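From just these sequences and the hints, can you work out the full model?
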Amino acid sequence: MLNARDILETITMIQDENLDVRTITMGISLLDCCHSDSDIMCRKVYDKITRYAKDLVKTGEQIEKELGIPIINKRISVTPAAMILASTDDKNAVKLAKTLDSAARTCGVNFLGGFSALVHKGFGPGDKELIEAIPEALASTDFLCSSVNIGSTKTGINMDAVGLMGKVVKKSAELTADRGCIGPAKLVVFCNAPEDNPFMAGAFHGAGEPDCVINVGVSGPGVVRAALAKASDTMDLTQVADLIKKTAFKITRMGQLVAAQASERLGVPFGIVDLSLAPTPAVGDSVAHILEEMGLEVCGCHGTTAALALLNDAVKKGGVMASSHVGGLSGAFIPVTEDAGMIDAARCGALTITKLEAMTAVCSVGLDMINIPGDTPADVIAAVIADEAAIGMVNSKTTAVRVIPAIGKKVGDELDFGGLLGGGPVMPLSTYSPSKFIARGGRIPAPMQSLKN
Amino acid sequence: MRAVITVIGKDMVGILAKVSVKCAEKNINVLEVTQSILQDMFAMIMMVDISNSSVPFTEFTDELEQMGREMNLSIHAMHEDIFNAMHTI
Chain A
1 MLNARDILET ITMIQDENLD VRTITMGISL LDCCHSDSDI MCRKVYDKIT
51 RYAKDLVKTG EQIEKELGIP IINKRISVTP AAMILASTDD KNAVKLAKTL
101 DSAARTCGVN FLGGFSALVH KGFGPGDKEL IEAIPEALAS TDFLCSSVNI
151 GSTKTGINMD AVGLMGKVVK KSAELTADRG CIGPAKLVVF CNAPEDNPFM
201 AGAFHGAGEP DCVINVGVSG PGVVRAALAK ASDTMDLTQV ADLIKKTAFK
251 ITRMGQLVAA QASERLGVPF GIVDLSLAPT PAVGDSVAHI LEEMGLEVCG
301 CHGTTAALAL LNDAVKKGGV MASSHVGGLS GAFIPVTEDA GMIDAARCGA
351 LTITKLEAMT AVCSVGLDMI NIPGDTPADV IAAVIADEAA IGMVNSKTTA
401 VRVIPAIGKK VGDELDFGGL LGGGPVMPLS TYSPSKFIAR GGRIPAPMQS
451 LKN
Chain B
1 MRAVITVIGK DMVGILAKVS VKCAEKNINV LEVTQSILQD MFAMIMMVDI
51 SNSSVPFTEF TDELEQMGRE MNLSIHAMHE DIFNAMHTI
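One line per chain: the protein sequences are A and B, in this order. Just so we're aligned, residue 1 is where the first sequence starts under this note's numbering, counting upward by one. Just so we're aligned, residue 1 is where the second sequence starts under this note's numbering, counting upward by one.
These are computed hints drawn from the structure, not numbers from a lab. One should not assume that every hint holds.
[Unchecked claim] Heads up, simulated DSS-like pairs for lysine-lysine below, C-alpha to C-alpha not over 25 Å straight-line:
1) Lys48(A) to Lys98(A)
2) Lys245(A) to Lys230(A)
3) Lys121(A) to Lys91(A)
4) Lys95(A) to Lys44(A)
5) Lys128(A) to Lys26(B)
6) Lys98(A) to Lys44(A)
7) Lys18(B) to Lys65(A)
8) Lys91(A) to Lys65(A)
9) Lys91(A) to Lys154(A)
10) Lys54(A) to Lys95(A)
11) Lys65(A) to Lys26(B)
12) Lys230(A) to Lys26(B)
[Claimed, not checked] Chain A residues, not near chain B, derived (Cβ > 10 Å throughout):
13) Leu2
14) Asn3
15) Ala4
16) Glu17
17) Gly68
18) Met448
Predicted, not measured: the structure shown is a model, and the values here were computed from it. A virtual CB, placed ideally from N, CA and C, is assigned to each residue, including glycine.
Dropping the structure here:
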């Protein structure tokens with residue numbers, strides 16, 4: 001028999017501490033949709049996605065009801081679109097983007113990821129066409145998410161792609177300036193991108209994945225914060241790490257259960273559970289507040305990187321045993337505009353982009369959802385991407401950049417997206433120029449894997 | 001198939017009766033009940049067997065939640081699996 005305390009603990013986690021499954025993401029391979037005629041290819045893409053994912057939302061809602069656990073998002077990720085675009089004669093990326101968007105609309109999902117290109121070593125057929133079409137694709141669709149992998153530990157960093165992405169991010173903001181610059185909020189630039197990430201905006205279905213797969217992303221920063229708040233202030237950090245591990249274990253078990261149920265009901269193999277602490281702007285669902293609960297006055301002060309390192313590692317350690325397959329990004333996310341504590345810390349000046357950059361060396365992703373001044377030159381954005389990619393490349397971890405140039409706004413102004421994407425202040429970047437460095441292009445060679453110090 | 005019904009809120013006359021009647025109407029068998037009252041707050045946990053339920057489980061949870069709103073209580077029915085997954089290895 002279950003004991004009453006355990007039952008009430010679960011209920012409290014769900015009711016009061018915002019515990020939820022953040023996303024069930026169905027990964028679908030589009031490799032068999034290739035065709036030289038783009039009309040035929042688009043039809044095949046639309047048919048395959050809507051056939052495979054027709055029951056995704058319904059099944060998700062059913063599981064949500066039966067288990068009593070909120071499943072916030074049902075999403076789709078597809079093969080990096082550049083791979084199938086390569087097969088067409090006209091390389092019309094925007095047409096493909098609109099097809100993907102209408103398939104997402106038909107299935108009722110709230111995002112579809114995979115308008116992506118993997119160019120960490122160089123541009124293949126279709127890659128440049130797709131990347132150059134990203135601003136227009138994001139401006140003319142509602143559900144599409146895009147990502148580009150520009151570097152990896154094994155290949156180094158493709159600086160030509162980095163330079164291009166600086167321009168793409170900027171243009172993407174300009175084209176959506178009338179809609180709160182939403183374009184770049186759906187665009188991630190990766191180094192070491194994982195092939196099975198269920199979280200947007202960076203989700204895509206890697207080339208090594210099966211035809212169709214179910215990946216689940218859990219959440220629950222509120223639960224971790226509440227567990228720390230209830231615990232004694234005299235706990236040392238070993239005990240704090242232990243408490244986080246235990247909490248992460250419980251959260252992940254729930255994700256594993258949902259993943260197993262979804263996979264069985266949809267008749268699709270289970271891929272991975274992504275054990276991430278993904279914050280939302282809702283009060284009590286913040287990663288920054290966990291760090292503050294550990295004893296920091298405000299997120300961003302000295303000590304933040306160490307606290308985040310402890311948190312990220314403990315989440316992984318606790319979650320790993322709770323799931324049969326773990327993957328994706330797994331760890332703690334630090335998206336500024338999506339985290340109530342980070343927003344406050346950024347507003348009061350405690351949290352700066354330089355501190356965030358340091359934090360990305362130990363968190364699970366990178367510089368995420370940061371509003372930057374609208375007049376930031378493209379090469380400065382490219383340099384931010386290059387710095388972040390270098391951290392990922394050298395440390396053999398995933399890093400990413402998702403910055404939003406707030407067109408027409410300057411430092412201190414606010415830019416809001418609403419919903420899960422939140423909103424926050426425009427943060428300052430260094431105004432000195434990296435132009436010459438970025439203009440050189442070429443590739444930064446892959447780093448040494450020995451002589452580590 | 002078993003489910004757990006939890007009722008949390010201010011104590012009043014007839015909570016157990018109302019929830020049990022709802023279960024009986026749907027041919028849901030009550031297996032076990034524990035309840036406690038902490039500082040006027042009523043917390044009841046019911047383990048029920050839903051294998052022979054006359055309605056789909058999701059419909060039953062909707063009706064219970066609706067009843068909860070009417071009585072100003074928080075009533076939830078959740079599948080047993082979620083608790084087993086979280087609290088047992």
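Going through the hints against the structure:
1. Lys48(A) to Lys98(A): holds (15 Å)
2. Lys245(A) to Lys230(A): holds (15 Å)
3. Lys121(A) to Lys91(A): OK: Lys121(A) and Lys91(A) at ~21 Å, within 25 Å.
4. Lys95(A) to Lys44(A): Holds, at roughly 13 Å.
5. Lys128(A) to Lys26(B): violated (61 Å)
6. Lys98(A) to Lys44(A): holds (14 Å)
7. Lys18(B) to Lys65(A): Between Lys18(B) and Lys65(A) the Cα gap is close to 22 Å, so the pair holds against 25 Å.
8. Lys91(A) to Lys65(A): Between Lys91(A) and Lys65(A) the Cα gap is close to 43 Å, so the pair fails against 25 Å, i.e. violated.
9. Lys91(A) to Lys154(A): violated (29 Å)
10. Lys54(A) to Lys95(A): holds (22 Å)
11. Lys65(A) to Lys26(B): Status holds; Cα separation ~18 Å.
12. Lys230(A) to Lys26(B): violated (40 Å)
13. Leu2: The claim breaks: Leu2(A) does not keep its Cβ more than 10 Å from every Cβ of chain B (closest is about 5 Å).
14. Asn3: violated (8 Å)
15. Ala4: Incorrect as stated: the minimum Cβ-Cβ distance to chain B is 5 Å, not above 10 Å.
16. Glu17: holds (13 Å)
17. Gly68: violated (3 Å)
18. Met448: Consistent with the label, Met448(A) stays out of reach of chain B, its closest Cβ about 41 Å off (over 10 Å).
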